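S.K.: Once you have looked at the hints, place chain B on chain A.
Those protein sequence lines, which keep their order, are chains A and B. Position one of the first sequence corresponds to residue 1 (the working numbering), numbered consecutively onward. Position one of the second sequence corresponds to residue 1 (the working numbering), numbered consecutively onward.
Source of the hints: derived by calculation from the structure; they are not laboratory data. Take the hints with a grain of salt, since some may be wrong.
Because identical chains share one entry, a pair is satisfied inside a single copy or across any pair of copies.
[As the list claims (entries may be wrong)] Pairs of lysine to aspartate or glutamate, DMTMM-like flavour, derived with a Cα cap of 20 Å:
#, residue 1, residue 2
1, Lys-40, Asp-30
2, Lys-48, Asp-123
3, Lys-40, Glu-147
4, Lys-40, Glu-82
Predicted model only: the values in this text are computed from it and were never measured.
2 protein chains.
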Amino acid sequence: MSTPPKLPDSGPRVEEIPEGDDRLRLVCPDCGFIHYDNPKMVVGAVVKWRDRVLLCRRAIPPRLGYWTLPAGYLELNEAPQEGAMREAWEEAYARIEIRSLLAVYSIPRLSQVQLIYRATLTDDAIRPGVESQAVGLFAWEEIPWSEIAFPTVHWALHHDRELGETEVFEPRTNPEGASDLP
Amino acid sequence: MSTPPKLPDSGPRVEEIPEGDDRLRLVCPDCGFIHYDNPKMVVGAVVKWRDRVLLCRRAIPPRLGYWTLPAGYLELNEAPQEGAMREAWEEAYARIEIRSLLAVYSIPRLSQVQLIYRATLTDDAIRPGVESQAVGLFAWEEIPWSEIAFPTVHWALHHDRELGETEVFEPRTNPEGASDLP
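So that you can see chain A by itself, here it is in the shape it has in the complex:
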């Protein structure tokens, strides 16, 4: 049996359809502030150094201790490619060059859209940022497949592998029938 989620006791916490709207939004019963929540955009990259790929071992939940691509939420006033470069720097002190858009994955369950780019490391001086326990460059057969943090990381690694040297392609989307649950 699962515990019902605890309702916050301050801030927007009551579901209402605001006037002129057609969807439920969280409203603050104390001051009337309407929280228009939107889907979130995650930006990241499959970063290559020759035939090796950059992975980061997560130092924060969720999936602490598991390996992931450098990726994270796009910030305000940021272009997606800039965000992917910033995340590579923050998580692995990696300087990268964006090559193309590998994939647009969507996880409606989490109201999340991921833009994953193909990128190249400009030098291999990488080290863990504060959100990473470790970082590494893995050949395909060395990738710790059983310790990958999220399904989208599997998808992106395989999509990048399948494309090989192909330069012009349609960005990949969620593999058919694939579950987005870890």
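M.R.: Relative to the frame of chain A, chain B by itself:
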């Protein structure tokens, strides 16, 4: 001289860097609610019926009375293609089939990322939705170029035109040096 924007007198309205964060966020001084604002995703489509393109005349601000592509904010729990189909229906009662991702435009100034698809009308029974004054199918030389609502609409129409019958291509991005101001 411009008037300073009026501060709201309730809800999150004070800029602070929350503990453990590294950016300014709007906080409610009454209850402590932190408003983590994120970039917003716009989804839309260049919708074709034979060699004609679907445009909608806006019945709402901004750019009321100007012509635009069917497009709007992605909603929670929605995949981008679904959102583009929903917007085509809401603004023009258009049933569409998504073909490919035409472009990813970003407008950091507005914290906005646009995913614009190429799509085909499945029948030409279109009519204005509540947010449109009029809808129409325009041949290239009939497009009301001086009455286009947003620069991204110009970009998408030209990118779609340049691609012609090409089926496999990298999604287009902001044209170099182009201004995103209407």
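S.K.: Against the structure shown, which of the earlier numbered hints fail to hold, in ascending order?
M.R.: Hints 1 and 3 are the ones this structure does not satisfy, whereas the remaining hints hold.
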